[in-house]
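Here are the chains, one letter per residue:
Protein chains: 2
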Amino acid sequence: MIKDDEFIRNDGVPITKEEIRALSLSKLNLIHSDSVIDIGCGSGGMTIEMAKIAKKAYAMDNSEDAINTTKANLEKFNIGNCELISGDAKEELEKVLKKLKESNESNELNALPSENLKIFIGGTQNIEEILKIANKYSIKTIVSNTIVVNTGLKIAEILENYGYEIDLINMNVSYGRKIKSGYMMIARNPITIITAKK
Amino acid sequence: MIKDDEFIRNDGVPITKEEIRALSLSKLNLIHSDSVIDIGCGSGGMTIEMAKIAKKAYAMDNSEDAINTTKANLEKFNIGNCELISGDAKEELEKVLKKLKESNESNELNALPSENLKIFIGGTQNIEEILKIANKYSIKTIVSNTIVVNTGLKIAEILENYGYEIDLINMNVSYGRKIKSGYMMIARNPITIITAKK
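Residue numbers (the UniProt record's numbering), protein chains in the order written: chain P, 1 to 198; chain V, 1 to 198.
Be aware that a few hints might be false.
Subject to a maximum C-alpha distance of 16 Å in a straight line, what follows is the list of computed EDC-like cross-link-like pairs (lysine to aspartate or glutamate) [said to hold, decoys possible]: (1) P/180 to V/34; (2) P/178 to V/167; (3) P/180 to V/5; (4) P/198 to P/165; (5) V/178 to P/102; (6) P/178 to V/157; (7) P/136 to P/115.
Think of the hints as simulated: they come from the structure by calculation, not from any bench.
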């Protein structure tokens with residue numbers, strides 16, 4: 001896992017912290033033939049870790065600063081298999097899925113390759129619309145992180161109603177900071193990770 | 001990551017839980033050319049995840065039940081690149097490292113391939129002796145998990161005195177259990193993960 005401080009950062013652009021990235025990645029269970037869509041890519045922390053494993057990554061964010069930060073990190077880590085999409089995920093997600101579906105149909109396959117297409121959601125704006133589209137295109141694996149307790153529960157409820165099997169965990173990580181007399185533990189905020197499978 | 005309930009289990013033989021495995025694995029940063037020694041392999045949870053990535057794994061435990069459980073899991077998951085060693089790690093670790101050093105020297109390389117050899121410690125009996133041997137053979141990456149707070153701090157202190165750079169984290173995971181009125185969070189015990197690098 002890349003260390004947090006190795007990423008290029010810009011003010012106001014969030015990053016998924018190392019331990020949360022490690023756990024989210026393990027929940028996604030990506031293999032090299034998978035494609036993955038990163039919704040709300042922020043600084044590109046997850047984008048880069050996912051693109052290192054997956055065949056192809058799509059990263060979207062409605063913040064220009066986030067897109068520029070992710071772009072800088074893709075360059076820094078020599079990632080060539082990621083398409084950056086600037087815009088609102090509630091429109092852009094459907095465009096990407098529609099394009100993938102059409103290109104698949106023209107290859108005489110009759111559906112979206114939903115077995116090999118996974119969605120990671122780091123940003124949770126317009127979450128209802130995004131999950132609706134994911135379900136419409138029969139995405140089999142969705143992993144979402146959130147720092148907002150309400151959002152985590154909302155995501156779990158919506159996806160459950162769509163028939164997904166839900167795994168919900170809460171993770172608290174503290175870091176040992178060495179001081180003269182020993183270690184003091186510095187707490188990170190708790191993060192909820194929801195894994196939905198169909 | 002393999003789900004906890006997919007492993008063959010035997011009474012009294014511990015297993016590293018899914019989320020702790022994911023995080024420990026990311027701290028090890030294994031690549032396919034690495035070898036890894038699993039000290040106190042228990043049910044083989046970490047052994048199997050590590051052997052799936054590394055070139056070669058060595059798993060040791062002083063409990064016959066643990067060795068048999070790991071053996072059953074290696075067979076279940078078709079892992080062929082793992083050597084099982086039954087015995088006390090404070091003797092067996094040195095034997096393995098000595099053998100690796102000699103085989104390396106006979107290949108006209110003049111040292112232990114310590115850059116590509118990592119140690120994971122899941123069991124913490126005789127920890128002082130084990131860390132002493134690891135340091136003697138210049139192991140560059142050591143990751144250790146412990147549920148005992150004292151042991152975590154002791155490991156950090158010993159390795160620090162040997163000149164290792166220490167990363168110490170504490171991890172609390174809770175699982176959402178669905179009940180009629182919503183999710184209740186079931187707590188796992190906090191685990192300390194120490195990563196030592198030279």
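Each hint, compared with the structure:
The hinted pair formed by residue 180 of chain P and residue 34 of chain V fails the criterion: a straight-line CA distance of about 36 Å is larger than 16 Å. Of the pairs offered as hints, the one joining residue 178 of chain P and residue 167 of chain V holds, with about 10 Å between alpha carbons and a cut-off of 16 Å not exceeded. Restraint check for residue 180 of chain P and residue 5 of chain V: not satisfied, since their Cα atoms lie roughly 43 Å apart, outside the 16 Å limit. Taking the CA atoms of residue 198 of chain P and residue 165 of chain P, the gap is about 6 Å. The hint holds against a cut of 16 Å.
Distance restraint check for residue 178 of chain V and residue 102 of chain P: the Cα-Cα separation of roughly 38 Å exceeds the 16 Å cut-off, and the hinted pair is therefore not satisfied. Between residue 178 of chain P and residue 157 of chain V the CA atoms are separated by roughly 11 Å; this keeps the pair inside 16 Å, and the hint holds. The suggested pairing of residue 136 of chain P with residue 115 of chain P holds, with an alpha-carbon distance near 14 Å, which does not exceed 16 Å.
Of the hints listed earlier, those the structure fails to meet are numbers 1, 3 and 5, in rising order.
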